[in-house]
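Respectively, the protein sequence lines represent chains A and B.
Heads up: the first sequence is residues 772 to 888, going by the numbering used here.
Heads up: the second sequence is residues 1244 to 1745, going by the numbering used here.
Treat the hints with caution; some may be incorrect.
As the list claims (entries may be wrong) - Simulated crosslink set (EDC-like; lysine to aspartate or glutamate; CA at most 20 Å straight-line): (1) A:Lys871 / B:Asp1394; (2) B:Lys1666 / B:Asp1599; (3) A:Lys871 / B:Asp1397.
Stated by the list, open to error - Which chain A residues stay away from chain B? Per the calculated CB distances, all over 12 Å, these: (4) Met772; (5) Leu778; (6) Pro821; (7) Asp822; (8) Gly823; (9) Ala826; (10) Ile828; (11) Pro835.
If you're looking for bench data, these hints aren't it; they were derived computationally from the structure.
Idealized CB from N, CA, C, for every residue including glycine.
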Amino acid sequence: MQIETALLIGVLFACATYLILQNSFVKILFGFIVLSNAANLVLLSMSGAPDGREAPIAGQGAGPMVDPLPQALILTAIVIGFGVTAYLVVLLYRLFLDQKTTNAAELYADQDTSEHT
Amino acid sequence: MNLAIQPVLLPLLTAVALLFWGRPSPGRRAFTAISAGAQLVVAGFLIHLTYTQPPLVMPMGNWAAPYGIVVVADLLAAIMLGLSSFTALATILYGYCEASPRIEHPLRLPLVQFLVTGINLAFLTGDLFNLFVAFEVMLIASYALLTLEADNWDVKQAFPYLAINLVGSTLFLCGAGFAYRLFGTLNFADIALRARAMSDDPRVTALALLLLVVFGLKAGVFPLYCWLPNSYPILPAPVAGLYSGMLTKVGVYVLLRVLGTVLPHDLAGVHTLLAWLAGATMIFGVLGAISRNFIRGILSYHILSQIGFMVLAIGLFTPFAFAACIFYIIHHIIVKSSLFLVGGTAALLNRTDNLDRMGNLWRQTPLLGVLFLLQALSLAGLPPLSGFWGKYAILVVGLEQREFVLVGLAILASILTLFSMLKIWNAAFWGSSEECEVCVWDWRWLRMSRVVAGMVAVSLAIGLGAEGVFRVANRAAVQVLDQEAYARAVFSVTAKGTPAGP
Chain A
772 MQIETALLIG VLFACATYLI LQNSFVKILF GFIVLSNAAN LVLLSMSGAP
822 DGREAPIAGQ GAGPMVDPLP QALILTAIVI GFGVTAYLVV LLYRLFLDQK
872 TTNAAELYAD QDTSEHT
Chain B
1244 MNLAIQPVLL PLLTAVALLF WGRPSPGRRA FTAISAGAQL VVAGFLIHLT
1294 YTQPPLVMPM GNWAAPYGIV VVADLLAAIM LGLSSFTALA TILYGYCEAS
1344 PRIEHPLRLP LVQFLVTGIN LAFLTGDLFN LFVAFEVMLI ASYALLTLEA
1394 DNWDVKQAFP YLAINLVGST LFLCGAGFAY RLFGTLNFAD IALRARAMSD
1444 DPRVTALALL LLVVFGLKAG VFPLYCWLPN SYPILPAPVA GLYSGMLTKV
1494 GVYVLLRVLG TVLPHDLAGV HTLLAWLAGA TMIFGVLGAI SRNFIRGILS
1544 YHILSQIGFM VLAIGLFTPF AFAACIFYII HHIIVKSSLF LVGGTAALLN
1594 RTDNLDRMGN LWRQTPLLGV LFLLQALSLA GLPPLSGFWG KYAILVVGLE
1644 QREFVLVGLA ILASILTLFS MLKIWNAAFW GSSEECEVCV WDWRWLRMSR
1694 VVAGMVAVSL AIGLGAEGVF RVANRAAVQV LDQEAYARAV FSVTAKGTPA
1744 GP
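Only chain A is shown next, with the shape it has when bound in the complex:
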């Protein structure tokens, strides 16, 4: 399981990097969502090999449990990631309303801050 998870994380990070580097807002947004999921998977895989162990739910059987702490960390990270993603969606929507474009290259084409006052 560990090798497969590691490969999946690698693929997810690669996809996220590719998507974030695109110009379209939607692709950038998807890139960040994939990125936060990849990070959550990293945390999950840090609880060790799950083979033959049970999910950490109280009151279940007496078998060995996987380490519950990374799962608690992921819960926190998911909540935070959700909030930040919501903010990102709103920011991108406002950029679209203001600038009438969903293309990052067009948006920053005239980037020269020294002219701004």
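With chain A fixed as given, assemble chain B onto it according to the hints.
Chain B alone, transformed into the frame defined by chain A:
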């Protein structure tokens, strides 16, 4: 109730109360100012306590370390809390002078308090994952403040800030995961004890490098600073004062904490890398400042250049270098945020902060000129102002360690700092052109200058009483580097018999 959690609780409760208070009014403003003053008093009391005693530790929910989350207030954390409360109070008062309650955005004060909550939690936390949470609280508040009063052009600049911090948060999350796998714990004290036995494990170095990227990004260290110079100028002056003072310094503080208290001390390669990155940060930051032609842009680049000095001190990695870094942080936070406030006042008087269209300020408003000159020369490092002592100490350590190239870079950066400060001085204060009008009839500038004058007085006191401040910084540095004492303080607090969580 335990005192260590107060600097987080007070701004949090204030922010929640402000959310329910409704429209901005003088009463709401007075309440915020009183709360900010109370935070400053609490922080001052914490500094007083931790100067003589071991760190104050509070186990959250009465779960003893290493199983529960602990909040640890040692002398360095207390100093940083004092600085954040002081800057918050000064910028809030400055904001009051700048605009009447009628046109104040109702969300600005609550968001500032949420921001302070996150910053203070980052200073107090004794747990790597809790540090991530603190960063997120701080960042989410900072995203919101950045876009709260932004116009169409400004909002555009907020996106790179958001994007690069999202990547940084993701990397931090991975770093926390790796640390947990490597050490089996996320508690700072516990990691410190366990990591010492495995300091020649390459995985520890890899983790240190990953954390270096994350915190370097927050602090604005050389290759990772591109988000800062374009995003800070879009903020309204009082908020920019708070951001420029505190946000990047949280990154520097965490570097001090993680490299000094948490990770083993013999990661010489990481420290050398950090020192050279700092050298590059100093030079590129100050060159960026020279290239800009508006006050806020110049000052934003100077933050980076100064970050270079602090990080250089961390990279040199001796107790005295740490003391120099702490002294530099104390000096820099006050000087930098007051310079942003002076810039805001100058922009109000000239109705622009483009240097081509500014001028006549010295003749019409000499008070503002004196304030600017004192802080600008302090930033450049002229004796006897506070910046000189910080730079002097860092250069002494650099010479002791025979890092002559880095010392040369630091001196070059200081000279160029002076040059770019004189650029502002020549254009905005001494320059006299017929077209630019100075709106001295705008009564707000006098009150705003008085707030800044208070900050300048504190800054002068630091410069003139440098020996006393250095003694405090020295003790804080020794405490940060003493991993055993830190661990002893954290583990001596057992759940039984300690005050319960709030």
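Checked hints:
{"no.": "1", "hint": "A:Lys871 / B:Asp1394", "verdict": "holds, 15 Å"}
{"no.": "2", "hint": "B:Lys1666 / B:Asp1599", "verdict": "holds, 11 Å"}
{"no.": "3", "hint": "A:Lys871 / B:Asp1397", "verdict": "holds, 15 Å"}
{"no.": "4", "hint": "Met772", "verdict": "holds, 15 Å"}
{"no.": "5", "hint": "Leu778", "verdict": "holds, 16 Å"}
{"no.": "6", "hint": "Pro821", "verdict": "holds, 14 Å"}
{"no.": "7", "hint": "Asp822", "verdict": "holds, 17 Å"}
{"no.": "8", "hint": "Gly823", "verdict": "holds, 19 Å"}
{"no.": "9", "hint": "Ala826", "verdict": "holds, 18 Å"}
{"no.": "10", "hint": "Ile828", "verdict": "holds, 19 Å"}
{"no.": "11", "hint": "Pro835", "verdict": "holds, 16 Å"}
The structure agrees with every numbered hint stated previously.
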